[in-house]
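Enquirer: Sequence:
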Amino acid sequence: MEFKENNSFSLDWDDRFTEDVIRLMDAIEATPPPPPSSSSKKRKSAVHHQDNLKTGRQLPHSILSPPPSFPSSFARCQSNTRLRYPPLRFGGHILYSFTEDEVENAAMELLKIVEIKKKEMGQVALGFDIEWKPSFQKGILPGKAAVMQICCDSQYCYVMHIFHSGIPQSLQVLLEDSEIIKVGVAIDGDAVKVFSDYKVSVNALEDLSDLANQKFDSDCRHWSLAALTEEFICKEVSI
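In UniProt numbering, the protein residues as written are 1 to 239.
Be careful, since some hints might not be right.
[Unchecked claim] Here are the simulated BS3-like cross-link-like pairs (lysine-lysine), alpha carbons at most 27 Å apart as the crow flies: (1) Lys144 with Lys133; (2) Lys138 with Lys199; (3) Lys138 with Lys193; (4) Lys133 with Lys193; (5) Lys144 with Lys199.
[What the hints assert, rightly or not] Cβ-Cβ distance ranges computed for the label pairs, FRET-style: (6) Phe195 with Leu111: 18 to 24 Å; (7) Lys144 with Glu236: 29 to 35 Å; (8) Lys144 with Tyr85: 32 to 38 Å; (9) Glu179 with Arg221: 26 to 32 Å; (10) Ile140 with Pro86: 38 to 44 Å; (11) Leu111 with Leu211: 21 to 27 Å; (12) Arg84 with Phe216: 21 to 27 Å; (13) Glu176 with Glu236: 31 to 37 Å; (14) Met121 with Asp101: 26 to 32 Å; (15) Asp217 with Lys118: 31 to 37 Å; (16) Arg84 with Ser218: 22 to 28 Å; (17) Arg84 with Cys220: 24 to 30 Å; (18) Asp210 with Glu176: 33 to 39 Å; (19) Val173 with Leu211: 24 to 30 Å.
Read the hints as simulated data drawn from the structure, not as lab findings. Please read these numbers as outputs of a predicted model, since none were measured by experiment. Think of the CB as a built atom: it goes at the ideal place given N, C-alpha and C, for glycine as much as any other residue.
Generate coordinates for the entire structure from the input sequences, incorporating the hints supplied.
Expert: Rendered as structure tokens:
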């Protein structure tokens, strides 16, 4: 998402913001979080397989799928631009959290995973994205950031309804940790939005668009996630 001076933001999937997505954001804002049950103290995030995700724009299936087979060169992707590439799907689980306690527990789980990965690999990168309802009317500000999506590996992605929960302490620690790299497309705009809405900084940002421009010795192209996927691995983002 790209931050613009007029406080509007463009989306990272080629500006295709459909009525379904707007309705989804409306539903998130209008629907109160589910009441805590007797078992809510032990967080049970809803785990949905890919084929159960039917409503609006969900987390892109391709966020962190198992490592794909990369082509031997980029020429093949570039020469097949008229063909439709096969979809790149996320084959893991998506875990949803709605209440403050659920989001707090989800963030604590992520922090534990990060610590384990630090010991194994030294450096940890998380896929990061947020969603909110835009405004297409002059003088009306876009909605508050409603959903935060964080992926730590190819098995699990966490979808947090921060519109209801806010940003609890453990999530703030995760976001502000400068040793945990957050990766995304136009991620600077997401960080600005989070700080504007929740006064929490998102540190250690790595923009995939910048990395792509470094690869191709360019500094002017604004890549979308879909374009990056097609250019580098000859796959199509499935949304």
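Enquirer: Taking the hints in turn, state whether each one holds.
Expert: Each hint tested on the structure:
| no. | hint | result |
| --- | --- | --- |
| 1 | Lys144 with Lys133 | holds (7 Å) |
| 2 | Lys138 with Lys199 | holds (25 Å) |
| 3 | Lys138 with Lys193 | holds (18 Å) |
| 4 | Lys133 with Lys193 | holds (12 Å) |
| 5 | Lys144 with Lys199 | holds (12 Å) |
| 6 | Phe195 with Leu111: 18 to 24 Å | holds (21 Å) |
| 7 | Lys144 with Glu236: 29 to 35 Å | holds (31 Å) |
| 8 | Lys144 with Tyr85: 32 to 38 Å | holds (35 Å) |
| 9 | Glu179 with Arg221: 26 to 32 Å | holds (29 Å) |
| 10 | Ile140 with Pro86: 38 to 44 Å | holds (40 Å) |
| 11 | Leu111 with Leu211: 21 to 27 Å | holds (25 Å) |
| 12 | Arg84 with Phe216: 21 to 27 Å | holds (23 Å) |
| 13 | Glu176 with Glu236: 31 to 37 Å | holds (35 Å) |
| 14 | Met121 with Asp101: 26 to 32 Å | holds (30 Å) |
| 15 | Asp217 with Lys118: 31 to 37 Å | holds (32 Å) |
| 16 | Arg84 with Ser218: 22 to 28 Å | holds (26 Å) |
| 17 | Arg84 with Cys220: 24 to 30 Å | holds (27 Å) |
| 18 | Asp210 with Glu176: 33 to 39 Å | violated (21 Å) |
| 19 | Val173 with Leu211: 24 to 30 Å | holds (26 Å) |
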